[in-house]
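J.: Whole structure, please, built from the sequences with the hints as guidance.
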Amino acid sequence: AQKVTQAQTEISVVEKEDVTLDCVYETRDTTYYLFWYKQPPSGELVFLIRRNSFDEQNEISGRYSWNFQKSTSSFNFTITASQVVDSAVYFCALSEGWGKLQFGAGTQVVVTP
Amino acid sequence: DAGVIQSPRHEVTEMGQEVTLRCKPISGHNSLFWYRQTMMRGLELLIYFNNNVPIDDSGMPEDRFSAKMPNASFSTLKIQPSEPRDSAVYFCASSSTGTNQPQHFGDGTRLSIL
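Note that the protein sequences, when read in sequence, are chains A and B. The first sequence begins at 169 in the numbering used here and counts up by one. The second sequence begins at 176 in the numbering used here and counts up by one.
Treat the hints with care, as some may be off.
[What the hints assert, rightly or not] Only pairs whose alpha carbons sit at most 30 Å apart, straight line, appear in this in silico DSSO-like list of lysine-lysine:
| # | chain 1 | residue 1 | chain 2 | residue 2 |
| --- | --- | --- | --- | --- |
| 1 | B | LYS243 | A | LYS268 |
| 2 | B | LYS243 | A | LYS171 |
| 3 | B | LYS243 | B | LYS199 |
| 4 | A | LYS238 | B | LYS199 |
| 5 | A | LYS206 | A | LYS171 |
| 6 | A | LYS206 | B | LYS199 |
| 7 | A | LYS184 | A | LYS268 |
| 8 | A | LYS206 | B | LYS253 |
| 9 | A | LYS238 | A | LYS171 |
| 10 | A | LYS184 | B | LYS243 |
| 11 | B | LYS199 | B | LYS253 |
| 12 | A | LYS184 | B | LYS253 |
[Stated by the list, open to error] Some residues of chain B that are not near chain A, with every Cβ distance over 12 Å (derived):
| # | residue |
| --- | --- |
| 13 | GLY217 |
| 14 | SER248 |
| 15 | ILE288 |
[What the hints assert, rightly or not] If we take Cβ atoms under 8 Å as the criterion, some of the chain A residues that face chain B in the derived model are:
| # | residue |
| --- | --- |
| 16 | SER255 |
| 17 | ALA256 |
| 18 | GLY267 |
Treat the hints as calculated values from the structure; they're not laboratory data. Beta carbons: idealized from backbone N, C-alpha and C, even for Gly.
T.: Here's what the structure looks like:
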């Protein structure tokens, strides 16, 4: 059973538009961690954020912000005022137990000038 | 600081050949992970080492795959014999002490088996 669902396969926006990436997860554990990673066209995976299940405080880092809602099992990611350099595949991941990462299928973000 | 270093970046070989992928984790990290990324299956964990000991190898697809971590600064993933369906990008990642610490990934090895 898929534990992390990223329903959006691809999102295309014009530069300076905001874009929100959805992530819905499934777990029976009370302690778990959620992550977002970015994979630019060059192929490497870049860690963006980690959030534990006890911290529902939203977070903002520059143009990035994350909205964690346990009630809906969602951990959404918003890029404000998108730029061409934001074009990448973004992965949401869930970690339970010892830390095995289970990735979603990823969302391709295409930002055009 | 140096990140996770993988070699080679690209490997093209004929089916039946042995393939060895190499990884140097970030210094001080005691957990190491091997992943495979394909279009069909996405990112899959193959094996996880903690303090050089394999903890979970349930993702290793079959006996043709083997992984070793002889010391804290080096790991290998070997495929023997290789098959075309092994073509993928293989990532190595490492993390520091403590469960659920962020995993930091290498640039990956793009493997093509002809």
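J.: If a hint holds in the structure, say so; if it doesn't, say that too.
T.: Results of checking the hints against the structure:
1. B/LYS243 / A/LYS268: Distance ~19 Å between B/LYS243 and A/LYS268 Cα, so the pair holds.
2. B/LYS243 / A/LYS171: holds, 29 Å
3. B/LYS243 / B/LYS199: Distance ~12 Å between B/LYS243 and B/LYS199 Cα, so the pair holds.
4. A/LYS238 / B/LYS199: violated, 37 Å
5. A/LYS206 / A/LYS171: This hinted pair holds, its Cα atoms lying about 19 Å apart.
6. A/LYS206 / B/LYS199: holds, 21 Å
7. A/LYS184 / A/LYS268: Violated. A/LYS184 to A/LYS268 sits at ~35 Å, over the 30 Å cutoff.
8. A/LYS206 / B/LYS253: The given pair, whose Cα atoms are some 27 Å apart, holds under the 30 Å limit.
9. A/LYS238 / A/LYS171: At roughly 14 Å apart (the allowed maximum being 30 Å), A/LYS171 and A/LYS238 satisfy the hint.
10. A/LYS184 / B/LYS243: Roughly 47 Å separates the two Cα atoms, so the pair is violated.
11. B/LYS199 / B/LYS253: holds, 15 Å
12. A/LYS184 / B/LYS253: violated, 45 Å
13. GLY217: The claim is violated: B/GLY217 sits with its nearest Cβ about 5 Å from chain A, within 12 Å.
14. SER248: holds, 20 Å
15. ILE288: holds, 18 Å
16. SER255: violated, 18 Å
17. ALA256: violated, 14 Å
18. GLY267: Result: holds, 5 Å to nearest chain B Cβ.
The structure is inconsistent with the numbered hints 4, 7, 10, 12, 13, 16 and 17, although it conforms to all the rest.
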